[in-house]
Amino acid sequence: MSMSMSMSMSMSMSICKQTSPLLHIPTSGIDMNGRIDMKGICRWPQKEKVVVVMGATGTGKSRLSIDLATRFPAEIVNSDKMQVYEGLDIVTNKITKEEHCGVPHHLLGVVDPTKDVSTTTFCTMASTAVNSIVSRGQLPIIVGGSNSFIEALIDVKEHEFRSKYECCFLWVDVSMPVLNSYLSHRVDRMVERGMINEVRNMFNENADYSRGIRRAIGVPELHHYFQSESLISDEETCARLLEEAINAIKINTSKLADRQRAKIYRLKNLKGWKIHRLDATDVFRKRGREADEAWENLVAGLSTQIVSQFLYNFHPPVYCNLMGMREVAAAATNT
Numbered sequence: 035m036s037m038s039m040s041m042s043m044s045m046s047m048s049i050c051k052q053t054s055p056l057l058h059i060p061t062s063g064i065d066m067n068g069r070i071d072m073k074g075i076c077r078w079p080q081k082e083k084v085v086v087v088m089g090a091t092g093t094g095k096s097r098l099s100i101d102l103a104t105r106f107p108a109e110i111v112n113s114d115k116m117q118v119y120e121g122l123d124i125v126t127n128k129i130t131k132e133e134h135c136g137v138p139h140h141l142l143g144v145v146d147p148t149k150d151v152s153t154t155t156f157c158t159m160a161s162t163a164v165n166s167i168v169s170r171g172q173l174p175i176i177v178g179g180s181n182s183f184i185e186a187l188i189d190v191k192e193h194e195f196r197s198k199y200e201c202c203f204l205w206v207d208v209s210m211p212v213l214n215s216y217l218s219h220r221v222d223r224m225v226e227r228g229m230i231n232e233v234r235n236m237f238n239e240n241a242d243y244s245r246g247i248r249r250a251i252g253v254p255e256l257h258h259y260f261q262s263e264s265l266i267s268d269e270e271t272c273a274r275l276l277e278e279a280i281n282a283i284k285i286n287t288s289k290l291a292d293r294q295r296a297k298i299y300r301l302k303n304l305k306g307w308k309i310h311r312l313d314a315t316d317v318f319r320k321r322g323r324e325a326d327e328a329w330e331n332l333v334a335g336l337s338t339q340i341v342s343q344f345l346y347n348f349h350p351p352v353y354c355n356l357m358g359m360r361e362v363a364a365a366a367t368n369t
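Throughout, our numbering is defined as the position within the sequence shown, counted from one, plus 34.
Since the hints were derived computationally from the structure, they do not count as laboratory data.
Keep in mind it's a predicted model, so treat the numbers as computed, not measured.
A couple of the hints might just be wrong.
[Claimed, not checked] Computed cross-link-like contacts, DSBU-like style, restricted to lysine-lysine with a CA-CA straight-line distance of at most 35 Å: (1) Lys191 to Lys302; (2) Lys320 to Lys308; (3) Lys308 to Lys297; (4) Lys297 to Lys83; (5) Lys81 to Lys191; (6) Lys191 to Lys305; (7) Lys131 to Lys149; (8) Lys297 to Lys131; (9) Lys83 to Lys198; (10) Lys289 to Lys305; (11) Lys81 to Lys284; (12) Lys289 to Lys131; (13) Lys83 to Lys131; (14) Lys284 to Lys149; (15) Lys297 to Lys320; (16) Lys83 to Lys302; (17) Lys297 to Lys284; (18) Lys320 to Lys131; (19) Lys297 to Lys198; (20) Lys308 to Lys191; (21) Lys320 to Lys191; (22) Lys131 to Lys284; (23) Lys198 to Lys305; (24) Lys191 to Lys83.
Full structure from sequences and hints, please.
Right under this line is the structure:
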């Protein structure tokens, strides 16, 4: 996976607030900002609606959540157990403020990195955020790769989530050989962006790597390297140790993705969750404009149809040309 692929993905999100909704619906259902007005289309049923975006690390969950939140009046709730902590933005692969596209995000970088967020604590925080979003007439979009958090929030009876909310599950999936290649290149880009120094700045010889943000992939793997670099004067040896640490990060990231994918299969096949699978493999095989078009056709556009059916019980009959709209928006930005 080339760097241009990643840059293309980021650029497509950076102008998303300037594009119009893709749905052709009655004008009474459009609010003053040009987005779909849920209250103007129908009355909510007894249960409020929640969209859950799932997938292994690196598959494009954040990108899809932003796409949906700029087509529907929505706010995003992070369910990644490492991104909930403050700090290590490169290591935990948090999206930037620019990539937020103005969409409010909850539970993203808000917890002291030395604390431990238990599943129960997350469920309490997430329930509070969802209740708040719904009270403002917005659609909550829960997004993240920590499926244990999502499963506990939705299925543990004491949280009463299913009794309050109806859920639409979207799964962004990529075949593992293609995803593994992308994840390897992503680690390289993280190194280029300063991941080594980011972790070095919080290095502590006696740190507890079983708590808080230090459990994030990239931190334990670099620990041995930081221990050794001050004792070894041989640059070649130091370079070899660093390469070994980076390779370990790549291996562990791929193992994480495989576990996350397996958990989603379990939720779908064993627990019977109705999960809509969106195969993004072809997106990762393409570059530039072709990748963006594949993303719209295979993931974003299809998800918009699914969510429209979920919210309003209808499918949009016509779609605008998203690429054309983005080109117009980009031209307007550059003038």
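Hints, one by one, checked against the model:
1. Lys191 to Lys302: holds, 19 Å
2. Lys320 to Lys308: holds, 29 Å
3. Lys308 to Lys297: With a Cα-Cα distance of about 14 Å, the restraint between Lys308 and Lys297 holds, given a limit of 35 Å.
4. Lys297 to Lys83: holds, 23 Å
5. Lys81 to Lys191: Cα-Cα ~16 Å, so holds.
6. Lys191 to Lys305: holds, 15 Å
7. Lys131 to Lys149: holds, 24 Å
8. Lys297 to Lys131: Given pair Lys297, Lys131 holds - Cα atoms ~30 Å apart, limit 35 Å.
9. Lys83 to Lys198: holds, 9 Å
10. Lys289 to Lys305: Roughly 23 Å between the alpha carbons, so the hint for Lys289 and Lys305 holds.
11. Lys81 to Lys284: Judged against 35 Å, a Cα distance of about 42 Å means the pair is violated.
12. Lys289 to Lys131: Holds, because 29 Å separates the two Cα atoms, which is no more than 35 Å.
13. Lys83 to Lys131: Judged against 35 Å, a Cα distance of about 26 Å means the pair holds.
14. Lys284 to Lys149: Measuring from Cα to Cα gives roughly 26 Å; hence the hint holds.
15. Lys297 to Lys320: holds, 27 Å
16. Lys83 to Lys302: Answer holds: Lys83 to Lys302 is near 20 Å, not above 35 Å.
17. Lys297 to Lys284: Holds - the C-alpha atoms of Lys284 and Lys297 are around 20 Å apart, at most 35 Å.
18. Lys320 to Lys131: holds, 26 Å
19. Lys297 to Lys198: Measuring from Cα to Cα gives roughly 24 Å; hence the hint holds.
20. Lys308 to Lys191: holds, 18 Å
21. Lys320 to Lys191: Status violated; Cα separation ~43 Å.
22. Lys131 to Lys284: Judged against 35 Å, a Cα distance of about 26 Å means the pair holds.
23. Lys198 to Lys305: holds, 19 Å
24. Lys191 to Lys83: This hinted pair holds, its Cα atoms lying about 18 Å apart.
The structure is inconsistent with the numbered hints 11 and 21, although it conforms to all the rest.
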